[in-house]
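Novice: Sequence:
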Amino acid sequence: MRFFLFDRIISSVPGKEATGIKNVAAQEEFLIGHYPRRPVMPAPLIIESLAQLGGWAVTVATQYASLALMVKVNDL
Numbered sequence: 004m005r006f007f008l009f010d011r012i013i014s015s016v017p018g019k020e021a022t023g024i025k026n027v028a029a030q031e032e033f034l035i036g037h038y039p040r041r042p043v044m045p046a047p048l049i050i051e052s053l054a055q056l057g058g059w060a061v062t063v064a065t066q067y068a069s070l071a072l073m074v075k076v077n078d079l
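My numbering numbers the first residue of the sequence shown as 4 and each following residue consecutively.
Read the hints as simulated data drawn from the structure, not as lab findings.
Treat the hints with care, since some could be wrong.
To be verified - Taking lysine to any residue pairs in the SDA-like style, the calculated list, with each CA pair at most 20 Å apart, reads:
id : residue 1 : residue 2
1  : 19        : 67
2  : 25        : 7
3  : 75        : 53
What the hints assert, rightly or not - Simulated restraints on C-beta separations:
id : residue 1 : residue 2 : range
4  : 38        : 68        : 38 to 46 Å
5  : 41        : 18        : 32 to 40 Å
6  : 18        : 38        : 35 to 43 Å
7  : 36        : 16        : 34 to 42 Å
All values derive from a computational prediction rather than experimental measurement.
Ideal Cβ placement from N, Cα and C applies to all residues, glycine included.
Please put together the full structure from these sequences, using the hints given.
Specialist: Structure follows, in structure tokens:
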């Protein structure tokens with residue numbers, strides 16, 4: 004199973020930056036029971052979405068010659 008935590012790239016400067024969008028629907032499975040009256044996307048999923056976007060940016064900037072992986076996050 005794969006989880007894609009960004010839906011669209013809206014801008015990209017290869018080797019420098021990328022901006023993406025994740026449309027979060029109220030029915031998302033990860034929101035069920037996570038602050039029921041005011042759902043919030045869990046921090047680990049926000050970090051994962053940033054890592055996925057960053058990985059995409061590295062892969063594209065290197066013309067698919069490199070693969071970026073998030074190994075560790077300190078002080079979440």
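Novice: Determine for every hint whether it applies to the structure shown.
Specialist: Checked hints:
{"no.": "1", "hint": "19 to 67", "verdict": "holds (16 Å)"}
{"no.": "2", "hint": "25 to 7", "verdict": "holds (9 Å)"}
{"no.": "3", "hint": "75 to 53", "verdict": "holds (13 Å)"}
{"no.": "4", "hint": "38 to 68: 38 to 46 Å", "verdict": "holds (42 Å)"}
{"no.": "5", "hint": "41 to 18: 32 to 40 Å", "verdict": "holds (39 Å)"}
{"no.": "6", "hint": "18 to 38: 35 to 43 Å", "verdict": "holds (38 Å)"}
{"no.": "7", "hint": "36 to 16: 34 to 42 Å", "verdict": "holds (39 Å)"}
Every hint, counting from the list given before, is met by this structure.
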